[in-house]
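Chains E and D supply the protein sequences, listed in that same order.
Going by numbering that gives the first Met the number 0, the residue at position 18 of the first sequence is 17; the numbering climbs one at a time, nothing skipped.
Going by numbering that gives the first Met the number 0, the residue at position 36 of the second sequence is 35; the numbering climbs one at a time, nothing skipped.
There is no bait here: all hints are sound.
Heads up, simulated SDA-like pairs for lysine to any residue below, C-alpha to C-alpha not over 20 Å straight-line:
1) E:98 / D:122
2) D:32 / D:161
3) D:124 / E:97
4) E:198 / D:163
5) E:22 / D:165
6) D:163 / E:187
7) E:98 / D:123
8) E:200 / D:163
9) E:22 / D:173
10) D:124 / E:96
11) D:124 / E:99
12) D:124 / E:102
Think of the hints as simulated: they come from the structure by calculation, not from any bench.
Computed from a prediction, not measured in an experiment: that's the story for all the values here.
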Amino acid sequence: MANKVTAAKEFIKGLWDQNPVFKQVLGMCPVLAVTVSAENGIAMALATTFVLVFSSFVVSIIKNWIPSQVRIAAYILIIATFVTIVDLVMKAQFPALSKALGPFIPLIIVNCLILGRQEAFASKNSVGRAVLDALGMGTGFLIALFLLGATRELFGTGMILGFQIMPEVYEPWLIMILPAGAFLTLGLMMGFFNSYSEKKKAEERNTIVEKYRQAKRQAETKPLEAN
Amino acid sequence: MELLLIFLSAAIVNNFVLSYFLGICPFIGVSNKISSAFSMGLAATFVMSITSIVTWLIYHLILVPNNLEFLQYVSFILVIASLVQFVEMFIKKVSQPLYRALGIFLPLITTNCAILGLALFIVLKEYTFIEGIVFGLGAGAGFTLAITLMAGIREELDLADVPKPFQGAPITLVVAGILAMAFMGFAGLI
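Put together the whole structure using the sequences plus the hints.
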């Protein structure tokens, strides 16, 4: 039972507590480059998740046979193989999307998020856990890319996923879909998320202190009642 | 003239960091001090110019004649990783002061997406051998310029009163955004 709870946690931690983009600041290049629209963000995140899950799966299986001196090179080769698969499939099935993402699909190879998870997690844990962790991190990446892509698309064109959201009179902020907008949006978002989670942490701390004080008060009053 | 345009376009107008978002990790990670940022830029430029030569040769002399283009990602990343290792050993042997200046940055460069991105762009844009080298040099110069400028701003930023949730990565990204806006002014140059 205890094992089951922690297994679920391996998945959930990637969604928010250790969100690869907002908390760990990993894999920045694709995050900034492809989030011109929500659709591109989703496609990029799905491709990255696919590579992440399968390379975590393979690495956790063969972790005991890789000599530690060449492990990084071995991980990169495994990742590059899966990226090639993704790239060829996308070129054949979704040519428009593949063109929009351009060289950023092959650049998944050097996404530090993937290599980081292999080194920090998959190479030390069982297959099931490695896959769960990879799925969680991938989903966290998806959430971040969708949020960023949707925000930029909303302010830059007035639409999300091609649906008009803003009223017709809205003048699109061109800067949001230009490179500068990517830096600004991500920086501001990260700052606001930080201040939100800090506020939450402070609240939690206060409730714990409050509980402790109450317990102490009760403990102090009890002996008096006994008298 | 053509070559000069390629160089300027890679270095300033389509700056690798500020408009293609390549090499963001070191851009945020190593831009604390001007001196280390400049060394990182030099090391990256060095590896970039060699990479552009080697990957061009591999792609056009080995992969294309044998119809092995689908192996380009695997072979490029292998070449870059071993190249960085080799450059590190070579510098260590030849020049100790240079090794001390660049040494710690070289391993980081393997996973710098600017290097692999450069190799991919050279294939994508179908550059000739010479054009490829110039493009590599330009991209390296652009990376050095961006990371050094960023370090200069961040040194001043240490003295500013930044709100606590924005300290670290968030404020760096906002500054990078403003820098990218400034670089947009070069867009009409070419």
